[in-house]
Structure formats: C-alpha cells, structure tokens
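So the protein sequences, as listed, match chains A and B. When the count follows the working numbering, it moves up by one through the first sequence with no breaks and lands on 551 for the last residue. When the count follows the working numbering, it moves up by one through the second sequence with no breaks and lands on 408 for the last residue.
One thing to keep in mind: the hints can contain errors.
[Stated by the list, open to error] Covered stretches of chain B (chain A as the covering partner; in silico rule of three or more C-beta atoms under 8 Å from a C-beta of chain A):
#1 106–114
#2 153–162
#3 232–240
#4 265–273
#5 308–316
#6 387–401
Simulated from the structure, these hints should not be mistaken for laboratory data. The beta carbon of each residue, even a glycine, is placed where N, CA and C say it ideally should be.
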Amino acid sequence: MKQDFDVLVIGGGATGGGTALDLALRGLRVALIERADLTDGTSGRYHGLLHSGGRYAVRDPESARECIEENRILRKIVPHAIEDTGGFFVTTPDDDPAYADTWLAACHACGIEAEEIPVSAALKQEPVLNPGMSRAFRVPDASSDSFDVLTALGLAIRSLGGEVLTYQEVVGLEMTGGAVAGAVVRNRRTGEQQRLVAPAVVNAAGAWAGQIAAMAGCPVIVRPSKGTMVAMAYRFVNTIINRCHKPGDGDILVPVGTVAVIGTTSVDVADPNDTAVQGWEVQKMLVEGEKMVPGFSQVRALRAWAGVRPLYEESGGAQGREAKRTFAVLEHAQRDGVEGFVTVVGGKFTTYRLMAERAADVVAARLGVTKPCLTKDFVLPDARLPLVSPKTHWLGYRLEAVESAKDGDALICECELVARSDFEHAAREHADVIAPWVLDDLRRELRLGMGPCQGGFCGYRAAGILHEMGNVTAAQATSALADFVQRRWRGQRPLLWGHSLRQALLDEHIYRGVLGLHRLGMTKDEHE
Amino acid sequence: MNDVLVVGAGPAGLLAAWGARQRGGRVRLVASGIGTTHISPGWIGVLDSDGDLSSALQGWIGTHPRHPYALAGLGALSSALSALREVTAEAGLEYVGDLRSNYLLPTALGATMRAAVVPRSFAAGDLRDPGSMLIAGPAGWRDFYPGLCAGNLVRQGFSAHSATFDLPELHAGKFDATPLTLARLFDRTDVRERVAAQLKPCLEGAARVGVPAVLGLAPGVDVSIDLSERLGVPVFEIPTLPPSVPGIRLFTAFKTALMKAGVQILLGMTAERGVIEGRRAVGVVIPGAVRDTTYGADTIVLATGGLYGGGITTDHTGAMREAVFDLPLDRPGGLESWFGPESLGVHAAHFAGVRVNRDLQPLDETGRTVLENVRIAGRLLAGHAAEAEGSTEGVWLATGYRAGCV
C-alpha cells in the first residue's frame, strides 16, 4: 500500500505540534492534523502562564519538577514567545499564613528557586497588590504566548518536510488487521474526505483524545475539566501573581501583552466542546481577583473564554483539582493489542515538549528509528523576524517596529498595533484564504481585534484589505467579516457591563448602523 | 419666563434646545462632551421600511403603543424634520427627503440602508435609481474599500465598478489619515482638481460616482457639487467608519444656530446627580475642582443617552441605573439576560430605558409621574430597539423636539 507519511499526529495543540516536530527532527516524514486552526483547542485557551512549578509543588511534586525543568528549556528554545515577567506567590489576608512554609519547603525539594522577599519589595514592584498580604515569594514564572509557539512549531515542521493540515477533521482511523494504518480526514470547508496512510498514528487530541482512541476501539477515559479565564483591559501587573495557598479558583493573574488575565475555574464537563462561559464563573473571577488586587472588579473586563484541561489517570480516579497534572503515553500495542497507535494525554502547556519527547521515543522505537530526541536544543524559528527584534517577547518591540516602519504603512488595528503590511504578509501565507474563518486565524497570528475595541474598527479594514489583495470575492470577504464579528461577540457577551457594554454597542452601531453587515447575511458561529 | 436646562449634546439634546428656544424659553445646554453626532452616518433613518413610509409609521405606532414615536406623536417627527431642515439650511447644509418614502442608500460595505431624510450630498446614491455607479476612494486609505463596496453592490444586482485615486498627502505624515484629514484635504480646490482628473478616465459610462463621506468640512462650500461639475455626473457620499464628517457638519450647524439664538452651551460639564424637591427637579449638580455647582431650571430635558451614551450606567453586579436622577428604569432581568448569542441580533438590553407618558415625563412602575418638570428625550427612552428598527435618528429628533416644546 502507498504510504503517505511515516507518522500522523492528530491534534494541533502544543503536544501534537511538539510531537510532530520531535519526530520530524528524527528524520521521519510527519503530518500534523488539526480539525481547526493550530491552538484552537486547549493550547490557545489558557491564561499564558509558563509555570515555575510552584503551583504544584505541595500536592503534585512530579508535575512541579517537570514544570521547572521544561520552563528552563523553553526559555532557551522559544525565547521569542516568552516574556520573562517573573512571578510572585503572595499570602493574602484570605490565605492561611502557615501554608507558605510548607509551600517553600516543597518548592526547594522540587528544585524550584523560590525566594522570600519583603512584602515592601513586592509592593514596590507591583503597587496594586493587596497591601494586607503577609508574605511574598519570587519564583521563575513567565508569561508565554501559545499562538507564537504553535506558529513556530508549524514553521519548523514544514521546514523539515512535514505537513501541517489544518481544518482537517479526523473522522475515522484506517484499520488493517487490528492495527492502525492511517486516518480518514474531512476538509472542514469543502467537506471532501481523504485517506492518509501511515504506519504509525499518534493521538495527541488532548481533551478529545478519548474520542480519537475510540475510533481504534481503545478505551481512553479523559476527564475534561473546563477552566474559565477573564482578560482585564489593562496590564496593571507586570509580574505573574499567584496566591500562596492550596490551588483554587481565580488565584493566578498573568500579564499578557496589553492585558492582565485571571484564571481559572475548574468545572467537570461531559463534552470537551463545552467551552461556554457561565455568569457565575465570571463573578467568581472578580471576587477572587479582589483578594489579590483590591479594586479588581472595577477594572474593565475585556474578554472571557474557557479551555478544557485533558485530565487523565490510567486508574480512573480523581477529578478536577485533585487530579495530578502529569501525563501518560499509552502504547496501545501493549495496552489494547492495537499496533501502530500511541496516545499521549494529560499534562499542560509548560510540559508540552517533554510529553512530545516521551511519545516520540515510543513511536521512534516502534519504527526502528534510533536517532535521539533533539528538541531540547532546537531553537524554534521566529515567524516575525525580521519585522521585530528577536530574543524575547515584549510588546515594545511591536511599537518600535510600527514607529520605524516606512511611511504609508497604515495601522489597521490600533489596539494591538497591527500594521497593514503585517496583515498582508500573514494573509499571503495563509493556506486557505477563502475560508470564512480566515480573519479569526489571522487574529491568532497578529492579535488583530484582541484589544479594547474587540474588532469594532479593524474587522472592516481587514475584510477590505483581504478583498483588495485579490483571490477573495466580496462575498467571501463579507462572510469572513461576519464570522469574525460573531466570534468576537462570543467572548464579549459574558462581560457586557460598564465600558465593555458601551464598546459593544459602538461596535454594533458600526456593523449594523453604519455598514449594514446584518443585511448581507451572518454566518453561524461554528462553535455555538 | 421658562428656564430650560438641557442635559446632553447629542441630536436629541440639540433639537430639544432648539425647540425650547423657538418657544421663547431661556435655554442652557450642559453636556459631558460632544454627543453621538460624531459617530452617526448623517442620514436620518426613521423606520426600516420600503414602500409608503407614512402608512408604515402609522401602522408602527398602532402596533407599538409604548414606542417613543407613539408617545411623542408623529407630528413631533414632522416638526423635528422641519426644524432640522431649517437649521441645516442656515449652515448651507441641505437635507432632502420626507416621510413619504425612504431612500435606499449604499453603505461602505456595499450593503443597503434605508433613510427618510438625507444630506443632499447622499441623495445621488439612491439605489432605487438604476444608474450605474463608480465607487471610488483614496488608494491605501484604511477606512474605505471601494472594491468591496462595489463587489457587494454588484452581487445584490446593482450596477457598480470601483477605482482608487492617489492622494500623496495621505501618506506624508507619521499618522494615519482619519476621515477628518481627508475632509480638510477636500476643502482644497487643488485636491479636488487632482481627484477629478484621476477619476474622469475611470468613469466608463457610470451615471454617478460614490466616494467616502469626507467631502469637506468648511461651511459654505458644497464639495460634492464642485466634484459633480468637474466630472459631469452626480457625486455622492457614502458614510464610513467614525468619526463621521456628515455628523460633525450636523453638530456644527446646530451649535452655530443655537449660539446665534442665544442658547448657552457648556461642554465638559458632567451632570453627576440631580437635586429633587418633592416631585420636582430643582437642578443638576456638576462637580468642579473647587466646588460643585448646581444648575437650576424650571424645566429639565434629560437627553443623556442610553447604555451607549452614558445616560444609563451598569456594573458587574448587574445594576442598571439612570445616571442623573436615578429614575426608575424599564430594564431586563439579570446580567445574563441582557444580550443573546447572536452578535447582531435584537437583545433585551436594547429596550432598556426610562418609561414616559405623552409629555415625555418619567414614570414609575405604577405609571405615576416621578418628576413633573423633567422631560426625557432620545436613546434614554425605554421601549425601542433603535438600531434594529432603523429608528435611531428619527427617535432622537422627534423626542428631542417634543421634549423641548412641551
């Protein structure tokens, strides 16, 4: 039988992207298959925290050790997606002061450089923190951008001859004599199906891994746990803030770009597609936020979203926050008698590379490949070069690039500093520019429409430029605009009060009252 | 003499001040700042309806007895439109059309929009007229896309093609050109000459030319007529992203007329709270650096806007409050019921506002007048979904005028 690839990796999140790159670096021809855009699943729906491991040190030291080791590695291999904000653990008046000693000892036992600093020093660095806090510790947390990480992984995979197939949904696995021998994928836009033949398939579908495994008849029980996050419209902290207590809801605050993100809740859900944000989750974030930063709930809330953690324990067992955050690599040949199939599940964004390494080790051994893992030292490419300065992620680079750009390069998204040339470049690189979701894909790459106006002005500009570039009809550009407006609405809707409500009504006025978008037909939200 | 205090400088407040002054009142207008004129396309939509507009309006108030039109009366709408024509004509800004039928106008996206009364510079864009169109705009400008506009018009069966023209001035500075930058350029004869020279070869038989609504700000010069003469076919404006040049022209016309008529206009003055004695409002309190000042009046017109304008404030607990007098509000239930899943759908929050009687006096839940000498105008009124109904400007004007004249 004709072989299309050596390995198919299912799932375009950090784990799948990392696994595909790891295998490609070992000389294998890989295809990464994702049902939507890269990071559309849990990888793109987190708070942006690159863990130091401090959060897991007391109850889950294995995860904590993985986190601190991977934290150090990722800073080296993908510096352009990481901002070294550093992190604090603070004991607020609502926290048990005795916990801090237990926590500090646990951090040291796990090799995490946690260091107590005077409360006055913490307040000097982050003046909005609760002045009533009793203790403060410095940890090597960082802020990370998963969109940039996945863009880099995709670039690297392609440069090594691999393929990245987005908007291709796996609808079945090819089975030959009890072994997995490929997959049947459906193009989400055209509905066309194709068979991809490969001697090995890696299931890295995260919260959806159980569904993929079931296609091969393998029982894998993933417990989806939904976490809701809220982006507040200002970056009022520059350091990651964790509460020094037993992990709970709304106790992490992460500065990301221009905003500060608080997270999360932990809600067991039956369906991993259930990322609807409930009103009580938003209220909970505001109440908990007040404990870290007094006045928190008065800040303009910009956007809410939820991701689904893929919790997994081979024995079944614990749910929610009681579950360990380590991961598992399941060799289905041994476990279920199904050859050619490996599932990697659990874990978290910070440990994606390690998960990928372990999964790739198993696949490589099965395929008789002896080349070792190279990802620890393989520096990922920066898609933005030479547009912005290299090294580390910092919003200021974007501003510098815009300010030094030649005249005539219009700023089309003022909130996130996206210039017309950035947009045109990204649109030219897009694989399927006539798809209705093209603007949302470009948003992930450029942060278009992610600022305070949530697409009110830039949406029309983006659609107009897309049409001017050719290859896209007026109908397609308009449909892309309608899709974009609807997707932006989804994350605004749970937060419509105060200034955000006024902004949403201004956006409504622009799209309905000035442009008449509603008369040209809206597309349905794919995720509703 | 009747002292009238108007709070709010949007279209409703401007009309109220004009109406009150015409009636001989001593009028003062205070507002936080400029109102919604500056984001408004400039056309006057009264109801999204094709066919006979008068009977559509009659039918509408019959089926919507609590709608602002039903309360203020359609007579107020007609009188308001007359006042609008009068004030704008004085500024050399002609508004055309009436309540018999709607214009069908192209938007910057190439969709269609209905409006009863429009600036004369919009009129040649009427899509009920089959004449083919050239849609044109400055090349590389971020706020108007002639190709997308024409493309969408064509797929709806209208005859249109597109072209761009070069305006080197747009790219000369470090800052992006706003509609205002362009309007100031079009005030210049040499710019108009250059644009016309570039567009003439692109006409290809077009019976008219549509351009973004940036054709000048200077009073007294009708740039669209000048361009029409240069091109030999009518030129019309198409509203685009805010700030709105036609809206600014409208504001300027009213400001000039009001000041000339002796109305005192105070911007940058936020009415923070009202002073009430029994069932009368004595005045509004405006905080200042040294002390708070109370502005009193016999009659107070509240035209502070709705949820967008700031006349109604909200917070994360789901509280919804009228900003000045804390008047009772018709409001939807909890926060989660305010908006539905469809972005451009009709939402419960749209209908929030102050309930009033036919004199536009605020009412409580039982239908009793709360403050006898307060009138409510514009988007602050309950019971209408302005954007969805296509009644935004009509409600502003009708209730503003009515509030000023009661």
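Is the listed coverage of the stretch 153–162 of chain B by chain A valid when you require three or more residues with a beta carbon under 8 Å from a beta carbon of that chain? It holds, with 4 qualifying residues against the three required.
Would you say the stretch 308–316 of chain B counts as covered by chain A, given the rule of at least 3 residues with C-beta under 8 Å? holds (count 5)
Tell me if chain A covers the stretch 106–114 of chain B under the three-residue, 8 Å CB rule, please? holds (count 6)
Coverage assertion for the stretch 265–273 of chain B with respect to chain A, Cβ distance below 8 Å, three residues required: Violated, because only 0 residues of the stretch 265–273 of chain B bring their Cβ atoms closer than 8 Å to Cβ atoms of chain A.
8 Å C-beta test of the stretch 232–240 of chain B against chain A, three or more residues: Three-residue rule not met by the stretch 232–240 of chain B, so violated; n is 0.
For the stretch 387–401 of chain B, count the residues whose Cβ lies under 8 Å from any Cβ of chain A; is that count three or more? Three-residue rule met by the stretch 387–401 of chain B, so holds; n is 3.
Checked against the numbered hints above, the structure violates hints 3, 4; every other hint is satisfied.
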